[in-house]
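Enquirer: In case you want the letters, here they are:
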Amino acid sequence: VRPVPLLALAALLLARAAFAASPRFVDYLYIEANEGGSSGGHAAIRFGDEVYHFQHERPGVLRLHRDDWRHFRYAYAVLENRTMHTSRVAVAEATYARLREEFSERYLSERRVFEQRDVLCDDRMLLEVLLARQRGGTGATLRIRGGGFFFPEDGRSGPSAAALALRMHVLETYGPDAIGQRAAEIRAELARLAPASDDPATIDVAAPGFPHFPRTFSTRYRDLLTALLALRALDDALPLRRDAYWSPTDAGLQLEATERRALDAYADRLTGELTRLLRSARPDWGFAFLAGMARLEALRASGETGRLVLLDAFPPESEVMPRSSVRQRREAVLDLRAEADDEFMRTRARIQGGETVDEATFAALEAAGNRFLELDAAITQDRALRVPSGPLLPSRDAPWSDLIVPHLPSDDLVRSVAQARAAEEGFARRLQDRYGYNLITRNCVSEIFRTVSAAGADLGWHVDTGWSLDFIPFVSARTVNATWNVVQQSTIRSYRRSRLDDMVGGDNAFRVRLRESNVVTSTIYRRNADDSFFVLFTDDVVPLRPLFGTVNLAAALGAVAAGLPLLPVDHGHTLWSGVRGALFSLPELAFVSLRKGSFDYVPRDRRPRDTGAEIFAGAASAERRWPAGVTTFTRRPPARTGA
Amino acid sequence: VLAAAMVAPLAGCSVSVSSWSLSKSVRSSSHSSDSSSSSSPGAAERAYREDVSDYTRAFARSHRGDFQGFQADIGRLAEEHGITNWEENPATYTAIGEGLGRAKVSDAELMAYKRNLSGGDATKAAAIQEGFDSAR
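Protein chains in written order, with my numbering: chain A, 154 to 796; chain B, 2 to 137.
Don't take every hint at face value.
[As the list claims (entries may be wrong)] Some but not every residue of chain A turned toward chain B, in silico, with C-beta under 8 Å:
id, residue
1, E258
2, L261
3, G362
4, F363
5, R368
6, A434
7, F440
8, G445
9, T509
10, E512
11, A513
12, A520
[Unchecked claim] Just a few of them, taken from the derived set where beta-carbon distance is under 8 Å, the chain A residues facing chain B:
id, residue
13, H365
14, D437
15, A444
16, A571
17, Q572
18, A575
[What the hints assert, rightly or not] Far from chain B, some chain A residues (derived; all Cβ distances over 10 Å):
id, residue
19, E268
20, R270
21, G328
22, A336
23, L427
24, E457
25, L546
26, V673
27, L720
By construction, these hints were calculated from the structure, which means they are not laboratory data. Built from N, CA and C at the ideal position, the CB exists for glycine as well.
Based on the provided sequences and hints, a complete structural model is requested.
Expert: Shown next as C-alpha cells:
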C-alpha cells in the first residue's frame, strides 16, 4: 500500500468538509489491458453520461476523446472484453463543475486545433489548384460539401415544384433581383479574395487560452463558392439528384396522418427559415442552405407520396464494409437492422405522438432512418455497407470545376502557395511537439491528472506522474483509491468473464469452465480476426497461467510455421497472427495475462444490461442492487492514516 | 513485470478501432452524435446546449471581436449535433448567453454579442440575456 502523508489526509478531510452539503461524484476508470494498442491498460474520467479519455493515434499523437458512457462501456467492456475498475470520488458541486468545464474546454480546444491542421492542408491544395487554373490548366476540381444533392445536374426532370415555391417566397420577400444580386456580390467577392499575409510561424498551437485561428483563404473561398452553388440551385429550382435520397417502397414507410401533417408543417416553417438564411451574416450559410433546401424537397415529396422520403445522409468519407464481409456476418447485420429499425420506429412514434418537428427532431428521424435503410439495403440488395465515422448529417459533396480565380498576380499566387506549404508543415511540427504521445511522460494517465491539476480542483492529493509510477494505469488507480476521496470502488467484468460467471452459477461449473477455457469449444467467444493466435484463455486462471501460456506459445509458434507457406495466399495474416500470439504468450509465462480475446459484435440479447444511469442514480448507496457483472466495494468513512 | 514490460512499449492508451466498425452501423462512437438518439430527445438538447455554452465561455474568455470566427465555430459544433441552421434554434442563443455569463463578460461585451448575433431579432437577444442571467 502506498504511504499517504499526513498532509494528504488533512487535505482530504478539508475537502470532505467542503462538499458535505451536496456531494457530486466523478468516476476514475481504470480499464485492464488487452493485446495490441491497449497492452498497457487504459484510464478515463467520467462525469455523468460523459466519459473523457486520451487516446494514442496516428501519427503518434495523444488526443482527448469524449464518449457517451453507454457506448464507452460497450466498446471497452464488451467488444474489447476488458474489465473496468471504477473509483467513485465525491467532490463538492463547485469542484465538479470546474473539473467538467476543464475537460470539456480542453476537448473543444483540441478539436479546433486538429481541425486547423486539415484546414491548412486544404488551403495549400486550393491555392495549387488556382495557380494551375491561372496557368491555363482546366482539369482540377473542388469538391463542394452539400452540392451533391443537386450537382452535377442529372437532367432527369424539370424544375422541382418545392424549389420553385421556395424561390418564389424568396423573391416575394426580398424582391425580384434578390438572387441575382446576391450571386453577383459573391462572384465579385471571390474575384477580390486574397490569401492572408499572416506569418505562418505566428500560428501557435500551444498558446494559452482557447485557440483562435484567422479564417484561412480556403475557408473563405469555399464558403463563398458554396453560397454561389446554393443560389444557383435555388435560382434554377433544381430537383434532387436521383441518387441523393432514399425512396423505398416498403409499406412500413407509409406515413400516418399525424406524421404527415407534422412533416408538412415543418416544411412550411423550413421555407421561412431558408428564406431568412439567405440574408444571414454567418459566413458558412451556403452549406446550411443546400442541406435545408434538399430536406425541403424530400419533405414535400413525402407529403405528396404519403411515404417517408429521406435524404441519403451518409457523409462522403464513410467507411465501407465490403459485400463479402456483409455476407460473412449476415446474422450480425440482421440483428443490427432489427436494432436500427426499433430506433427508427421510436423516433417516428415521437412525431406520430404529436411532437412538433424542428431541425433537431427531423435530424434524429433522418439519421435513424438512414441507419435502418442502409442496413436493409446491404441485406436485401446484397451490397456493401457504409459505416459513418461521425454524425449522420446530409453533406453529399459534388465536384465543381467552374472556379473563379481571384485577380492576383501570378507571383503573388506562387508566393502564397509556398507560404501555405510552410504553414502546413510548421503547424504539423508544432502539433507533434504539443500533442506527441510518450509512453511515460504524456499518456492517457498523465493527461488526466494534468487536466485535473489545470482545473485547480482539490481532490485530496495532487497526483504527479512525473516522479512516480503513477503513469501506469493500474498504479494510477491504486493511487487514486489511496489518496482521493474515493467513496466507492466497483468492478465491471469483461464480457466473457461476466457471461462465464452467469454460466458457472449452474450445476456443472467444472464442465462449463472446461468448455469455456479455450477458443475451440467456447460458446461465448468466437474467433475474431483482429485477435492474435491463441488457444487458451488465461485471464481467469492465475495458478495455471504459465502452463496455459506455454500451450499458447507453442500454438502461436505453430501458426508462425504454418503462416510461412501460406504467405502468398493470405498475405501474411496467419504469420503475423502467430507472431503476435507468441509475443502475448510470453507475459503469461510470468503470470501476467494481457490478452483476453475481443468481439466484433455482440447481439443485443447477450449484452449486459446498461448500468450507466443506474450507477449514477444510486450514488454511494451500499444497499443498492447491482446488475450482473458489477461488483462493488463501498468505503467506510475515512479511517486512513499516513502510514 | 518483466514480461509485461516487454509488450507494454508496443503501444498504450489506444483501442483496436477495427473491431468497432460493425457496431458503429447502429451507433456512432461520439458523444455528440449519440446524443441525437431518438430515445433521449431531452438529453440531445442538453448535450447541444452544454457544448455551445462551454465553447462560448472558452471563446469569450480568450478572444474578443471575431464574430465571424465565432459563428463559423458554432456552425461546426452544431453540425456535430445534426443541426445545420443553428440560427433558428432558440437553444443556441440561451446557451450562448449562458456561456457569456459563465465567462463573466462585461455588459458592454454582452451587448456586442447580442447585437452581432441576434441580427436585430428581439427574441434572440432576449434568449441571450436570459441565458446570461441564469448563469450569473
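Enquirer: Taking the earlier hints as the rules, which of them does this structure contradict?
Expert: Numbers 9, 16, 17, 18, 19, 23, 25, in rising order.
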